Structure formats: structure tokens, C-alpha cells
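Chains as they are written, first to last, in the numbering used here: chain P, 870 to 1237; chain S, 870 to 1237; chain U, 870 to 1237; chain Z, 870 to 1237.
Worth flagging that the hints you see were computed from the coordinates, not collected in a lab. All of these numbers come straight from a predicted model, not from anything done at the bench. Careful, some of the hints might be misleading.
Identical chains share a label here; the pair holds if one copy fits it or two copies do between them.
[What the hints assert, rightly or not] With a straight-line cut-off of 30 angstroms between C-alpha atoms, the simulated DSS-like cross-links for lysine-lysine are:
id: 1; residue 1: Lys873; residue 2: Lys1000
id: 2; residue 1: Lys1096; residue 2: Lys980
id: 3; residue 1: Lys873; residue 2: Lys1005
id: 4; residue 1: Lys1215; residue 2: Lys1117
id: 5; residue 1: Lys1096; residue 2: Lys873
Each chain, written out:
Protein chains: 4
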Amino acid sequence: MAKKRVAIMTGGGDCPGLNAVIYGAVRVGIARYGWEVLGVEDATRGLIDLAYAFPHGNQWLTLESVRPILSRGGTILGTSNRSDPFNFVVRNADGTEGTIDVSDRVVENFKKLDLSALISIGGDGSMRIAKLLIDKGIPIVGVPKTIDNDLASTDQTFGFDTAVQIATEALDRVRDTAESHDRVMIVEVMGRDAGFIALHAGIAGGADAILIPEIPYRLEPIAETVKARRAAGQTYSVIVVAEGAKPKDGQASVGEHKAGAMPRLMGAGMRVADGLGPMIAAELRVTVLGHIQRGGSPSNYDRVLAVRYGQAAAELVERGEFGRMVALRGGEITSVAIAEASAANKRVDPRGQLVSTARAIGVTFGDE
Amino acid sequence: MAKKRVAIMTGGGDCPGLNAVIYGAVRVGIARYGWEVLGVEDATRGLIDLAYAFPHGNQWLTLESVRPILSRGGTILGTSNRSDPFNFVVRNADGTEGTIDVSDRVVENFKKLDLSALISIGGDGSMRIAKLLIDKGIPIVGVPKTIDNDLASTDQTFGFDTAVQIATEALDRVRDTAESHDRVMIVEVMGRDAGFIALHAGIAGGADAILIPEIPYRLEPIAETVKARRAAGQTYSVIVVAEGAKPKDGQASVGEHKAGAMPRLMGAGMRVADGLGPMIAAELRVTVLGHIQRGGSPSNYDRVLAVRYGQAAAELVERGEFGRMVALRGGEITSVAIAEASAANKRVDPRGQLVSTARAIGVTFGDE
Amino acid sequence: MAKKRVAIMTGGGDCPGLNAVIYGAVRVGIARYGWEVLGVEDATRGLIDLAYAFPHGNQWLTLESVRPILSRGGTILGTSNRSDPFNFVVRNADGTEGTIDVSDRVVENFKKLDLSALISIGGDGSMRIAKLLIDKGIPIVGVPKTIDNDLASTDQTFGFDTAVQIATEALDRVRDTAESHDRVMIVEVMGRDAGFIALHAGIAGGADAILIPEIPYRLEPIAETVKARRAAGQTYSVIVVAEGAKPKDGQASVGEHKAGAMPRLMGAGMRVADGLGPMIAAELRVTVLGHIQRGGSPSNYDRVLAVRYGQAAAELVERGEFGRMVALRGGEITSVAIAEASAANKRVDPRGQLVSTARAIGVTFGDE
Amino acid sequence: MAKKRVAIMTGGGDCPGLNAVIYGAVRVGIARYGWEVLGVEDATRGLIDLAYAFPHGNQWLTLESVRPILSRGGTILGTSNRSDPFNFVVRNADGTEGTIDVSDRVVENFKKLDLSALISIGGDGSMRIAKLLIDKGIPIVGVPKTIDNDLASTDQTFGFDTAVQIATEALDRVRDTAESHDRVMIVEVMGRDAGFIALHAGIAGGADAILIPEIPYRLEPIAETVKARRAAGQTYSVIVVAEGAKPKDGQASVGEHKAGAMPRLMGAGMRVADGLGPMIAAELRVTVLGHIQRGGSPSNYDRVLAVRYGQAAAELVERGEFGRMVALRGGEITSVAIAEASAANKRVDPRGQLVSTARAIGVTFGDE
């Protein structure tokens, strides 16, 4: 009898633990259920065009080929932001770009490969596409991925702990050097819409101010904190800024006034530096962590969570529970409907325990 | 008006995050409540003898003095296994050791120092002593500490994540070198009674066998796993052994037969090596991680948890809720009665999800 | 007989290993020679004004007080860029700033404290001041400090290895995430005048382009490299940019054209991104490592070198060899005249072995 | 015209940086010289039997296949201690093992594969075999590998810096936990014949005693050091023991008296613990780092050195300079005759600068 064939893919931005999910799903799928597992290249890209081979092309995964990937960052399957089959980007005859619907090709190729199911690991965008493909008859199981931990349907997402750890270690280092000087250090961390990374790293890394999207800031309380610290003999301050941190209405930062001045390059951390500089008599230094938060070997926590997700996804496939997404609830792995899953986002609760903890140990959020 | 004076102490074995608890409690106590906070040296030792000054003696903690400790391993207050005031070890005239009850001295010194409350950070032993001191009228709030995460009353304890991370990184390294050779690597990790560290690190570090106290092992299935892997072209295997891992009844390891042969030095990892060696035709190497798992900078997770514990302990003191121990339940900090807290231990559930995950990805526990 | 009193200070920018030099000098000075050692606060600041106590003030160092600092970043003595006694910054009556010569006060305080010698750890500026103070009769021994490793008189300076390690780990992480995407990652590292950090980290971190001050770059060869890699199926590239990297004459980067557009904030990495963006059809991401390269625990190499420097400085003082600076030559510690020492800077040799190695493995410097 | 074919192999024990040497040689060989490069499996094993395919078999290396290996521990080519073609282990008819000379097969297969040269990366054993194969007409270039840094012909070997770093971090961690307790921590590190790792890590990690093969120790001075520290209020001590550390003649450690008591398992660290325990009134804890020192991502220093070695090996091949081994001398890469290279070993000089430094900062070697 022919073996059951299951495909697996990764979509969206990079996230430590993607490979560990693949590892978990492939080991359980092959060793326990006797599947053949196809790794699809660059999200759905490898299903849109079976001849797609850039840089690798689809690959049959084995127990041995996934062995070394557990501890590695990135994803061996690649990922893509330009592989939505319902809005596939093509170049028109006149050189402009347009989008077409190539989802039928995905369905066709899925059948041609004799696949029984697809495990899709990805974020909001990937889950939205997954729902549409399910409607077209492809049996899909989802694994949630968001480094920002901003998903309501699961207690925690893999990759977040690693990102916070990298940011915390960066804060430890700038604190070392800040302590030796009279200086304000600004560290910009990830978090466009949710401030979980900034909040956790800020507490763990001993920040004096934490600026997050959920709590619009004014510069005055931050300047006051810096000055009060100096008056108390602490000559330096450390400020963590989420990339989505925003000033309160009516208070535009200096940087924003400069119309057209490379908005792409002028990040939230630099805007704070630009505005705060004239208000305090201290040197300012900005560090932008950027993508180093998305790379590197996943932490033990993220690996264990990712392996459990991979195992659970394989089990959902084996039991035929399609249209479901794995989730962590109260320490146990369970599943939710994909539709429900991507509906609700999680945000830092400005009145929650953790913000409260930060305030209690003397951190300002710039909203006082 | 005189300020409220609160004492804080750390007891039992070392654990990453002890300093972060002190940091959290002191910052909240001083900045929010205006306390004076006395750091007591070497658990109750500093209260048994106020002149005790070895190596440091008691110290008044300040916002500035706790600033740098957040990220540091160890405890600035020291700790001791020989400071139980109800069984205080003294040397008799004839040179032998005996124990006496000096708890009244603790009560007396507590009053002499004009203390209002005591925050006791420690494990089982410390909490047992705390209960007895509460009975003698000292208002105590407890903070649980066990690197093994074996406490039923809280979802997680600080230090555990760091210990697992260190063990996981060690496994990554031995796997690197094992892959290049035909070799079986044994890594002994902490866990006398509970195998959580071995289980988590084993999954995260890609171990082929995980031996824990909760699941007595036989050597045969382990030898079979090693041989099966070789037959499949995987020339190496990695075995994680908790220090409390035990062979099944009736199967004593070779090491145990050697009566008196330095039982203190012959750890669980070496016993497995000793027994497994003759059964397989491969080189064996043993690494004993020992105390490097207890030291070093705590992970972001442990720091945040520890700071929250410290804050919660300060709040319990301020609200006068004595006899309580802080706890984490479902992601929120709460408290439980100290009496209840230390009553129930947590063990790895041999039929729980995580053991199941390990088996599903092909790990043996030696009980098949 | 009164003990010999020796002062020690740290000046200039932060550098991993400063504390290890202090540790080495103090341990040898106290344990071997029986000195008393005074730690002077904020470079010469603590000698300009003995009452200066911000944040700490001068401190007598002991074997025990230096024990824990070996592994710590920063400097327990603080440092300052505004403590040149020959050009001491003061505020005039009209609110403007001016400078006065307070070097006589330093000499006076040196005598008042009954000091026999001064160990000055610092960079160019500190050594220049040291020479002037020597001329005024203060017996000084120098320890060179430059994280950029740009000093001709010593084979290597402490702190450099740690900075390169941090940059290398950052490159590892962005490479992880770059590999999963079609993307160009730019990492800006330290190096205003010398490109050693960029060169070493670039080779160690597998960069595709390395831009350093010693080799002015054009954007075209870099864009060609990115495109050639894509054509060969490697969809990403990693570029390391020293903060002092400069485009070749006649080719101003886009960023530089925008007169007045926050030159302080627009770093070399962002300028490259700005110019390269329009030339290639790929996403660009910039990471600015900034001060995280200056903080954190020094590497084993930097610690051993720093301890040796500290020991050698103490020995020079004991032997009365003032006006000398310790140096590493061919693996052995020796000394050079301070005057000679700071005269010659070291730069990356564009025709040297290491640049050659980088080119041989396919790295572009943008000058082809 | 057919491309030049060059083989590359790795032999002996594992060492961080092996992959980086392969990376350097392959990139230069392919990109600069246009070679085809064959990776030979398990040292000469893959040349003894071309059908050998356990676990991988020989593989043609490409620019892309070596891309990800620069930062990885281990060796993608495998290595073996049982592949000496002049003493190849075979199983006799009666089940016993014997050795035969299969070197002619290596020569034959070398020709069959149309190879022009062989790059052999390895230690003493590998270089001895290389010399014999050169005598049989195989053109070989050598790359030295010894994690212990005990080779006289080169200033430093790759892997050593990484091993010292891992040992130093372990010392940092046990020091953290030792400081909180009244305790003596023993850490056993690599070094059977040479104590460089123990010496460097001991200084960098703040050890109180360093025991190395080059300086036979007595237990009394070590016990005195521990007691003197206690008397001075420092309640803990850290001892680094190289695995080859030996007691002075006439003083056998307790452990050695126990005839037959698992000499394989009773390491140097445990022997010291066993003997020292009765002499001091303090808890003792032993950590055996073992193979975690050989694994993990190589440090920036080791990567750069390894890449330079790889490049230099490729250049020697291209220039036809066979029988040479690459070496680092005074910061520059050069080469020496293989014969000369493996002749002279390097040992810690008991009267050298570094031992002197250690003594000056108060470290005991147990020989006072």
C-alpha cells in the first residue's frame, strides 16, 4: 500500500523554532505514522509551480535530514511574503506588477503529488490563505507563528522567548557600558503592534523606561525620569523602545516633522533620541537590534514548544481534524479552529499584572 | 515616624534568579512603600547571631545596591544549609557535633532590630522553618525556590528555565562532537527526585534516551536504541541522565555492586556508562554538568518571574498577609498558604503530554 | 612603615576588560607588594576634586572588592570624556562653557593623598594627558585601551576580541534569517578610523561584503555581488559596514546629499542601505549594533590579556619604570615609552594577509 | 579540460573550527582555482573503501554546500580513530581483532578518483599517516589540529580558544554558586599532556588553584590555600584540574590506591576531590566538562584562524608545495615541513610568563 503523503511549509517572517516544528512533525509523521513528508519550498510557492527550484525547490524530508535542524535558526524550507496564490504577483507586459489568482494550480499540484494533507506553519497571512485553500478542498492543519506573541488563541508562541532573551542580553551589555558613563542608551526592539518583547526584555534587562505601542508616550516623563536618576547619583538611563511605540496625540516627535526625511530609515528608537536629546544634558546612543532578534538558535523553551506543536499538528492530520490550528492552553497542547484562531490578536494590557510590576519597580512608560 | 523595617533572606541551594527576587522586593519595598530593607546573611544565620559577619554579615539594602544584581547568578545574601535555628549545629566539648534550638534568639533579635516582617526565599527546608518561626510570632512571607521545578503549588519556579537552557546548550555541544564520531555521549543533569530538567533539556537537546527518577530504567532498551540507530546509519547516540535516575528493581547497575566504591563520586551518569559499556560496541563519554547548572546569569524568563515574585512578596508584607507564599498560577501571580505550599511535590507524569511527546519523536525512557 | 600608595584610573570609552586590568593590578599590588590601592573615580576627575563623589567617588580597593569584577563589563571606577585637567570644562558666568587648566590641583591632590604612583588605563587621549602629568612630576604607568585594536605599539588590545565576538554572533543570527528570505542584511559595527572589527567579524560571520574606512567603497561592486549571488541561487547577502566606512571620492551616497538631515543619526550602515536600495531588487534591513559591542563579560582572551596588563603595570610601578606603557609583543608582555606608544596608529593593511583571505573566499570590499 | 580534483579529510578528535577549515579551503579551491573538491568520509576510511557509505560516504563539496558550515561545530566529513590504512583494524575468523596494511588501496583509489592532491586536517596521528602516504606518492598538504594547543610549530591551533571560552564560562557559573556557599568547586577540563586550557581558563575564570600535567601537585598547598581563604573571609574556592594533572611522586591520591576501581571513570578532578575532602572542612563538588569543550560554534578567533588555514592549504596545493603543513607564526600564515611539524610538542612552561601571572595574582599550582 502506498504511504500517506503529507506536505509541510513555513510562511511569513522568520522566527526561531520554525525548524523545530518541522523536526517534531516529521519525526512523528515518519516514525510513528509511516508517512512520506514533502517539504514545500518558500511557503505555497513550491505548490504554485512544482518546477520552482529557487534556491532549493521542494524536498522529501527524512528522519536523518531533520536531525540537525532542531537547534538551528531560520527554516530549511524557506519562506516568502510573495507567494499568496490568491494574489500572486506577476509582471505585466508593460513592466508594472499585477496580481492573479493561481489557487487552482495549487489544488491541481496538490493532487498531482498525491498529497493527503498540508501542515501550514505561519502567521496571520498564512492562516488567512490556509482558510481559503481549505474552502477549495485542501485538508490543512495550522501551526501559529508570531515572534511578537500577539495571538489570543494560544498562551504563547514559539520564537518569542528567544527574541526576548536576545533583547535582554543586549540590554545587559548596554547597561554595563552606560554605568561607566553619563549617558542615555536607547535600544529599539521588535514589536510593531504589540509591546510584549519590549515589556519582558525591559523588566528582565533593568530598563528605566519602556515604550510600547499599547501605551502612547510623552517625552516629558521620560526626561524627568532621566533627570531624577541623575539627581539621585545614577548617571545613566536605559530606554527600551518597541518599533511600534508612538507618541501621544498632539505631540509629534521632532523626527516626524521632517517631511519626507527617510521615514523608512528613521525608526522609533531614533525618533525618541531625536526628541529627547534637546531635553536632557546627556549623551544619547541608539542601538537597533533589528533582525538579530529573529535569528539564532531557539531557546530550550521555544524548542520544546515548537516540537510539541509539530507533534500535535501531525496528530491532527492523522486523526483527520483539518481546519484546526494547534494551540497552547494552560500548559497543555490543544487545538482551535483556524478561523477563530487568527481572528483575535493579543495586546499588552496597560492595566495588567506585568505593566504593574514594571511600574512598581520604578519603570516609566511615558504616560504619567 | 520611623520607617517600616523588613528583612529578607535566601536559603537552601543556589538558584539563578535569587538576586532578581531580592531586586524586585527591595525596589518595590523602598520606592513604593518607603521601607528600610535588611538583607540577612546566610539564611537565618544572620538572625541567630547579629554579630555574625562571615563573610559579610547583614546589610541594609538600597535602591542603588540592588541595581546591578538583577542579572547576576548566586545571591548577595549568601545561603546556608546549616542555619536551621531549631536544629542549630554546635560542636560539643568532646569534638562531636550536636544540635540545639536557638529559635528564641531569632525571635529576640528580630525584635531587637525592630523588624516588622521577614521575606524568606527558599525551598522545602526554608518553608518548614518559616512555618515554625511563624508559630513563634514572626510575620513571614515566603517565596518558593527549587531549581527542579518540583513544587505543586506553583506552575513554575525561577531558575528552572536557566538550568534547562544550560543543559540544552551542553547537549547541543556534545551532539556536535558525537555526530563526527561513532560514540555514545552521556550527560548527567540535576534532578534527584524530579526529572523535569532532564525531560525538557532532553527534548530540546535532541537526546535519544532520557532517564529520570519517575521512570525506572533497564539498560536493555537503551542498548537496543543505540544499536538500532547504528543500523540506520546514525553512528552516535546522546543519553541524558537525571542524577536521581534509578534502574528498575532487580537490575542493579554494575557500579552499585561495588560496595563502598565511593558512592559519593559515582553518579547516575557514570553508573549508566559502566553498565552500558559492555553491552554496546561504541565509545562512551560522560559529562557531569554539576553546579554549572546553578550558576550564571538567569534567563529572561527567570528574571521576570523572580522580579514578579519579589514584588508580590513585598505586597503581601504591605497588606499584612503573613504565612502566605507567592505562586504563579495560569500566568498570574497569586499566593498560597505556606503550610499548603510545601506539602505537595510535583513529579514528571509518566503518562503526561511531555513524556508522550518525547516518545512520539523516538526517545526511549528505558522502560519499554 | 607606611604602605606604598598607588592610584589607578580608567579613561575614555568603555571596553570589555577594564575591570580585569584593575583586578590584575590590584591583586598583584596588594598580595605581592603590600600596597594600598586607590581607585580614582571618573578618570582624573577624582584627582581634580577629592570631594568629587558622583556617583561614587574615589574608593580604596581590596582583594575582596576586586574579586567579583574579573568577569564583568564596564569599569567600577567610571570613566569620563570631560576630565582633561589641562582643558577642564567649566561653565562661565554667562552660561557658556569654557576650559581652564586645573592640572596643578591634580599634582597637589596627588601629594595630599601621599600617592607614590598612578596607573592610567586609557586610550590616546588618556595617554596624552598622562605625558603632560608626567612632565609635571607625577609618576605614571600606562595601560593601552582601544576596542578598535588600532594601536601600533602592541600586538593586540583587550576588548577587541569580545567586540568581534559580539559582532560575529550578530552576523550568525542575521544570516539565519537572511537565508530564509530574499533579503540583504546590513550590520553596522564599530570602527571610526580602523576596520579591524568589521574585517574579523566579516570573515568569521560569513559576510559577502565588508566595508571599512581603509578601503573606500563604491556601491556598484556591492550591487553586482548581490545580483551575482542571486543569479547563483543564493537569494540573500550580508554586508558588514564599519561606522567609519566611506564611499570613494566623487560618489556621495544618497544620504549625504540631504544636507542637515540628522547627520548624527544617519550612520554608515543606513547610508549604504539608502544608496543600495534602488540598485537591487531585494528587501534591505539594517542592524546597528552600537554599544552592545562595548558591554558584556569579556572573552577569555581579553580577560587573560587584561590581567597580564594589570600585572605588568604593577610591576613597572614597583620597579619605578615610569613613563612606560605595557604592551604585548610576540605573545610576551613588555613595555614601551608612553610617548612612542600613542604616536603610531595601526590600520587595516589593504594589501595584508587578512584582506587577502577575505577576497580569496569571495568577499567584496566595494573597491573592485 | 578536466578540472583539477582535490580531496579533503578530517582526522582525530573533534575540534571547533574543522568545518571552517573545510569552508576556507573549498571556497578558495572552487571560486579562485576552479577545482572540484571531494570531501572524504571518516578520515582515510573513505579512501580505503570507495563504497564506504556509513553514515554518509564521500561527497563532492560545492560553494553552496559549505556555506552554512562556517559557524558549526563538528565536521561534516566525519572523523575516525580507526582508519589508519597502515594498521587497519579487521576482525579475524576467530572473532579477535587484528590489523592489516591497506595503504595500497588508498593509493589505488586516489588514482581511480583522478585526484591531484589531498588536504589532511588532523593531529599527530593524522600527520604521521600523511607522511607515510606521501612516501607512497600521494601529494598531501597538512592542516594541524589539536584542541590542546600543544604544537610547537604553530603559535596557535584552532579550537583552543573556543575550548577555553567554554571552560571559562563554566568557571564563571560555579563561582557564582560557590560564592553563595561555603564550598570548594572542582572543574575538570581537557588536557592530557598539556595544561594550556586549564591555565588560560583558570586565570580568566578566577580560579584559586590550577593543576596541570606540567606541574605535579601536592594536596597540602591546595588545602592550605582553601583554609587561608576561609580565614580571610572568603568561604569558597574554585579549583581547575586538567585531566592529565598528576600528583607529585610519592604522593598517590586516595583514588589511585583503590586498585581496579574503574580507572576509566575516576578522572583527575574526582581524584583531587577524593584526596582533598578529608583535609578540609568544606563541601566539595566536581564538574567534569568533558566533550562539551569540543563542541559548539567556534569563536570568532578560531573561525578566522581556521579559514586562513583552509585558504593557505588550498594555496599550497595550487603551488604544488606538498609535504608542507600550514602554520601561524607571529600573526602571519606560513608553512612548515609536515615531518618537522609533528616532531615537537609544546608544553606549558612552568617558568613562563603566564604561570608567573597566575602566581602573581595568588593562584596556587600545588607545588609550593
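Results for each hint:
no.: 1; hint: Lys873 <-> Lys1000; in the structure: within (22 angstroms within a copy, 54 angstroms between copies)
no.: 2; hint: Lys1096 <-> Lys980; in the structure: neither (66 angstroms within a copy, 36 angstroms between copies)
no.: 3; hint: Lys873 <-> Lys1005; in the structure: within (21 angstroms within a copy, 54 angstroms between copies)
no.: 4; hint: Lys1215 <-> Lys1117; in the structure: within (21 angstroms within a copy, 47 angstroms between copies)
no.: 5; hint: Lys1096 <-> Lys873; in the structure: between (66 angstroms within a copy, 28 angstroms between copies)
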